[in-house]
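Engineer: Chains as they are written, first to last, in my numbering: chain Y, 1 to 279; chain L, 280 to 584.
There's no promise every hint is true.
What the hints assert, rightly or not - Label pairs and their in silico Cβ distance ranges:
(1) D345/L / S86/Y: 16 to 22 Å
(2) Q476/L / L71/Y: 45 to 51 Å
(3) E8/Y / P398/L: 34 to 40 Å
(4) A100/Y / D345/L: 17 to 23 Å
(5) Y532/L / A265/Y: 52 to 58 Å
(6) R402/L / V170/Y: 24 to 30 Å
In case anyone wonders, no lab produced these hints; they're calculated from the structure. Glycine included, every Cβ here is placed at the ideal spot set by N, Cα and C.
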Amino acid sequence: MTEPFEFEFFVRGLIAATMVGGLAGMMGVYIVLRRMSYIGHGLSHAIFGGAVVSFIMSINFYVGASIWGFLSAVLIQWTSRRRSISSDAAIGIITTASFALGIALISRTQTFTRSFEAALFGNILGVTGPDLLAIALVTGAVLIAVIIGYKYLLFATFDTEVAASYGVPVRWVDTAFALVLAGTVVVSMQVLGVTMIAAALVVPPIVARQFTGSFTRMMVLSPLIGASAGAIGIYLSWFIDVSSGASVVLVASGFFLVSIVYASARDRLLAARGRAGTV
Amino acid sequence: MLHTTPHPDLHESPLVQIRGLASGYHGTRVIEDVSLDIMRNDFAALLGPSGSGKTTVLRAIVGAADVYAGDVLFNGESVRKSRPRIGYVPQLEAIDWNFPVTVEQVVLMGATRNAPLFPWFRRKDRLRAGLVLERLGLDGLANRQIRELSGGQQQRVFLGRALVSEPEILLLDEPTAGVDIKTRDNVLHLLDELNHQGIAILMSTHEINAVAAHLPRVICMNGRILADGTPRDVLTPEVLKATYGAEMPVTEYRGMTLVAETPHRFGAAAPNGGNSGNVHVGNGHGHGENGHVHEDIVAEVPADD
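If we strip away everything but chain L, and leave its shape as in the complex, we get (with noise of 0.2 Å):
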């Protein structure tokens, strides 16, 4: 367990305020009405099924998901009119393997930004890649095809490319997904690290339970935010199955929140009565000094993806 609360904020104003954001793409609105602020000092966790949005709160920040309402302030200014210091890391999954581009080329491109009239990278750009890859395990890999690494090496690659653009927060689109349970550690632990060293840190995720034990904050979503606080404020049965319409028990093992999942059995009726109807949590006043869960979740309790 890395930490349970977060450490002081040093700062007082938000990095990022996302305010009443209603987002998507061509047309379609993924998420409705969010808001939300990023501390300097937060590492946190979106926490949702699939097609909930997350990706699309992270893409509203760096400016790639269609704004409809709302906006996201970045030290106080539009993302809209400025371009913030942000290190995006993607899902894996849109990554191109084949690409010809060793781990440095792409660690490389992090500093696009740093001299933007200089047609190739500057010497210092690269010592500064260097020190990334060193620091992040790769300084053996640097001149690999970026399909030669393994899981946690490549998740690794772009977590260097988002750190060689020097930036105040790192997004990170599902980081731990499809990597064994022991990478999976190191990613967190590295991003604690990082968290502690200054940089924000924001990342969606479907493991719950690394989630409880790694992260001081957790959102939940599904469209717009169901809540918002420290794990154990916001892994609740209620906010669950809010979030992902099922039941999902919840208990504690050595001062840590786990949450496990109800067996299905086949050819048995769902509880109550199927998967889905409405769902009302809390009553308006959260569950915690540092958490909150929105009074009003009366969910649509989505069919299962």
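Chain Y with its partners taken away, still in its complex shape (with noise of 0.2 Å):
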């Protein structure tokens, strides 16, 4: 059972996914809550053409990839802004575009295909040491951030519309989240893959609301489900040998099954108290 852990790129991989499950479990939160759980989807894919944009460029590949996804972001938010256009076609179009531009690049430059592959599908094997810093780095200031701007990104989150007259800088807050989210995405990407990000980010604040109906605990419950996720994942990857993603995925997809089955119980044994008169 310890046998991969005298692997140290195991070592690496299991804490690399441990960070970015509880990162993406994070981020989630505000992700689901401002109903945009196609954001992560969108924005990896987004991602994924400016990562191919940085290796022909020969630019470091997390500034790239970063500064393509916050742009992305941007544009998607200032899109949807436009009474004509919803958020979720804002997504599709401006994200499939930048997913489309890669394609089309790499098609042109058959020799690294191969390599974003990792990209597409997780590769726990290829995190290095500065992969492991970058993962860190990103999670120490979305934390940070986090914490920081507590009570204008739940203000924002609630009640968009209103925030603004109470003070709260509702499109600086939505710019600093489009970044932090930019970052979250690109350093998720090696462990994950861009196939799976989205659901990283989505069903650990899926699973943590059916536990709880406090923000605040559930800021707390997701990040942690996320990384029990990412953990798990990644040990199960090693014995039954499937992509990383798709294990964290896995792992996490089952997380949301068993609250799914709790807070069925929890719901009916509420309603026979209820109907016996007893609550």
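Take the two lone chains and join them into the complex the hints point to.
Structural biologist: Dropping the structure here:
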């Protein structure tokens, strides 16, 4: 059972997956409550395009992809403010265009096709020391941003329309959110892969929501669930030999099933108590 | 009945001055040429059919609607340049009731600007929120999720959020929508109390008779201001027809103005040949010493919503 821990690359991958799971779980709370679940899926695809462009232009992956992701997120926000374009349509248009650009560039330069498979499906074996450092830095930065911006983020997420009239700088909050979301997706790509990031962002907060009606408790539970799914997923992927991203997401989905069963049983029990007049 | 005439104004300058305002959203003008003064002691209601621009007036005051012409001044300064202390209570139907926030968390949101550089809410803010909850009769519900409350309690939570911000004026968008008569009465009495404690109040509503019974000032509008004054001065069949495009008989009962509905006879032609046409109201001199009915009310009577 402890065999994988003898390998340094596995320990690095495990730490990376745990941090990425926690980070995605934390950002996911805001994404789910803002009803922007599709943005994780879209942004990861957009950033894939940015990753390819960074590679071609010989720019550092983290710098190039982050800038690309940030600009995509801001463009999505700007586009969705137009009455005639809904946010899901804005996400669909901008991110698929960016993804298509990445695919087009790859197909013209066949030589680096294989290295982008890792970005698409996640490759825990490829997590390097600098990757780990980048994940740690982004996790720390997001944690600080969430703590400092707690009351602004909560108000802007709960009641965007009204928040500005109570002194919340909504546009700045949205822009900062786009920046940290782009950072989250970029550092998650190596571990989870483009195709799995959306689930890692969305599933932990939904699981947490089944257990609590408090925003604060959700902000604690969701990263814990994400981190657990990351750690258990990577550990299991060693034994069942599947991609790290898929393994993490399958574990998170298992948590989701358990939470749904629990919430259903609890609701039935409360309903039964209500009928019996014992509430 | 709370009071039929405004209580004395201790200050001379208006708290809010709306000057020739044209406002709306995404390039579409909802209101046109709206001019209105809200005094510090005002307890006023905006009346008008759906789509008449009541919400837009409120949102323009808080800077949440696009302004195409004119301006809104708060204490003499444009709301586009300042951050006035306004307690805005939106329509409850816009709220996500499944959002995992407690009553206390929502009320505390009103204290966001009290200490803008402080990440969390301060002890002082929490104490104030506690006092507001107590005053609104919600002190035992602080840790409840907002969905678990009754309609009246939910309304009071958002009123509490506005009060925690220590506002000079409360703007309420249909605060009595969807609540029973007793709750509506409680809400209006609470607003009256707050008004007497020095908070100006401007609310939008569809409840004509409740307004007539409780509020000293009524503003009828339909894209622009049609009449402004006491209920007795403003709630006349002519003004109501110009506002709503429907015949609405007005009567008096124990000193209160009551607005009735004309029964609709299905299959019969509507009075005046239908519900569209031109309506002239008044002679340009108003209906009383406090009221003002716009002399140029030549309103296109809109079709029913």
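Engineer: Could you run down the list of hints and mark each one as holding or not?
Structural biologist: Cross-check of the supplied hints:
no.: 1; hint: D345/L / S86/Y: 16 to 22 Å; result: 19 Å, holds
no.: 2; hint: Q476/L / L71/Y: 45 to 51 Å; result: 50 Å, holds
no.: 3; hint: E8/Y / P398/L: 34 to 40 Å; result: 38 Å, holds
no.: 4; hint: A100/Y / D345/L: 17 to 23 Å; result: 35 Å, violated
no.: 5; hint: Y532/L / A265/Y: 52 to 58 Å; result: 56 Å, holds
no.: 6; hint: R402/L / V170/Y: 24 to 30 Å; result: 27 Å, holds
The structure does not agree with numbered hint 4 stated previously, though it agrees with all others.
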